[in-house]
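J.: Residue numbers (the numbering used here), protein chains in the order written: chain A, 1 to 305; chain B, 1001 to 1255.
Treat each hint with caution, since some may be false.
[What the hints assert, rightly or not] Listed below are the simulated BS3-like cross-link pairs for lysine-lysine, each with C-alpha atoms no more than 25 angstroms apart in a straight line: (1) B:Lys1251 with A:Lys76; (2) B:Lys1048 with A:Lys205; (3) A:Lys277 with B:Lys1009.
[Claimed, not checked] Computed footprint of chain B on chain A; a stretch qualifies when at least three of its residues, placed anywhere within it, have a C-beta under 8 angstroms from a C-beta of chain B: (4) 13-24; (5) 30-40; (6) 67-79; (7) 271-282.
Please keep in mind that the hints were generated in silico from the structure rather than gathered at the bench. From the three backbone atoms N, C-alpha and C, an ideal C-beta is built for every residue, glycine too.
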Amino acid sequence: MVKLSFSIGDLQFKNPVITASGTFGYGSEFDDFLDVSRLGGIVVKGTTLEPREGHPYPRMAETASGMLNAVGLQNKGIDYFEKNIYPHLSKYNTNVIVNINGSCIDDYVALAERINKLDKIPAIELNISCPNVKMGGMVFGTNPVSAREVTKAVRRVCLKKLIVKLSPNVTNIVDFARIAEEEGADSISLINTLLGMSVNVRSMKPSLSTITGGLSGPAIKPVALRMVWQVANAVKIPVIGIGGIMNADDAIEFILAGASAIQVGTASFIDPLASVKILEGIESYLVAKGFSDIWEIIGLINRPK
Amino acid sequence: MTKRIESLKVIDNKPLKKDFFIIELESSEKLPEMKPGQFVQARVDRSKETFLRRPLSLHDVDYINNRFKILVQVVGKGTESLSRLKTDDLLNLIYPLGNSFSIPEKGARTLLIGGGCGIAPLLYLGRYLKSHSIIPDILLGFRNSDRILEYRDYEDVGNVFLTTEDGSAGEKGFVTDHSLLGKARYDMVYCCGPEMMMKAIAGWCKKSNTDCEVSLENLMGCGIGACLCCVVNTVKGNVCTCIDGPVFNIKELIW
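Build out the structure end to end from the sequences listed, making use of the hints.
T.: Below you can see the structure in the form of structure tokens.
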């Protein structure tokens, strides 16, 4: 038996494979295909205080080795979540994490306070990095002052483990990781999507209704990996690697670079079984390499020879 | 209804006129229940340019042999790659997906309208209706006689009428110009084709107070309601075409 578990503070995860927000619905979308309880955790769809309709269609464009999306955080709001979705989540024997989003700091604080009351949610992922929703033309996570303010304000009220999800659309992501750690984050997840765009040459129009959107998939993996490596070397709290992970080898790259866990995102669209296949692949890799605990390979490339 | 992921064997890939082709697939297991209007998500290949699966509607189902067909038009790199599949190749699908056409009451006067590749789901719908003792009129529209797809199968399930834009076969014009719409009265219209065509038919149905369902063809990411990319604006707000559709009653749509 290989030990795969990791923890954020005193919160145990049975394994390092977590599904990324906005790519796994609320888990039930995948019930026909896999046993969600096998996963280390699931991060459910980005949730806001009020319901959001999201952006108009078209919201998605296929690109080389990836896709752009401009969903715009469509969700039914925290009231609906609490009443209609939360009760069903308790059937999963895994860590269910809620990704929270706001237009202002008060929204984030109010959401964190609401989640405090939900016993079965052990952690929140603070999404300060969605490229598709802007307030006053600015994303919280791309300005160091607002990133600090929102993290500080949420930390003050949040009784759950606090994971801060970083945007890659910044000059130096390490600055933002340090800010999150200084303000009391328990963990950092990165990266959210990279801002990009696509033009349809046949219709001679932008492919997305919003013109720009978030790029995900294998196209962003080298960028994500570089950022995860930088951040893992700069902070002491656990880092969760995200970005174009399609298979176990991709996941192991992130772990060797310093990620304690990983999130599987876009891969679940192409293969709904991707997350469990990655989990099985990590385990066989460790066995084949003769390791008994995943801890032995976390950040292995960063250790002195 | 349980969805499954499966690599199915290609029994046949038959080229039709122009860019159209029909792939017949066989499952090694008993087929799940599949309803007319439902679709599959086909994994194209592992090339970097066709990253996502392609949604394709069920054209015909043969439960006895655990086979079904999909009718496809080459519109881009993904469908082009599918057109090159050969007998005994494997095609990985997630299926069956989406809702289905409703089944009208016995004796309902029913019209199926398809344009171009949009005729694909209407054959299986026609068979389904026939098994419920409903023989529909079937109006098929094509650009010209070069693009008329094999419709003998449709004649097995209903009364077929044709239009071509240039008048090279059937009546000249669009499906909305066909004399059938002026003469006959229907209780239920099912329509699939280009959005402009479906909107025109929806307009005609509203005017003539006829119930109508359309099958939408929005771009999809996952096909299982996880990515929220394929939304359509309805009276209930944005909903996913892949799970709340692809079939919608026109009363639900903001058209």
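J.: Can you tell me if the stretch 271-282 of chain A counts as covered by chain B, using C-beta to C-beta distances under 8 angstroms and a minimum of three residues?
T.: The restraint on the stretch 271-282 of chain A holds, since 3 of its residues have a Cβ under 8 angstroms from chain B and three suffice.
J.: Okay, the stretch 13-24 of chain A and chain B, do three or more residues pass the C-beta test at under 8 angstroms?
T.: Per the Cβ count (3), the hint holds.
J.: Are Lys277 (chain A) and Lys1009 (chain B) close enough, with their CA atoms no more than 25 angstroms apart?
T.: holds, 23 angstroms
J.: Given the proposed pairing of Lys1251 (chain B) with Lys76 (chain A), does the C-alpha separation stay at or below 25 angstroms?
T.: holds, 23 angstroms
J.: How does the coverage statement for the stretch 30-40 of chain A fare against chain B, requiring three or more residues with Cβ below 8 angstroms from a Cβ of that chain?
T.: Contact hint for the stretch 30-40 of chain A vs chain B: holds, 3 residues under 8 angstroms.
J.: Taking a Cβ-Cβ distance under 8 angstroms as contact, does the stretch 67-79 of chain A have three or more residues in contact with chain B?
T.: Satisfied; 4 residues make the cut.
J.: Are Lys1048 (chain B) and Lys205 (chain A) close enough, with their CA atoms no more than 25 angstroms apart?
T.: Holds - the C-alpha atoms of Lys205 (chain A) and Lys1048 (chain B) are around 23 angstroms apart, at most 25 angstroms.
In summary, the structure agrees with every hint in the numbered list given earlier.
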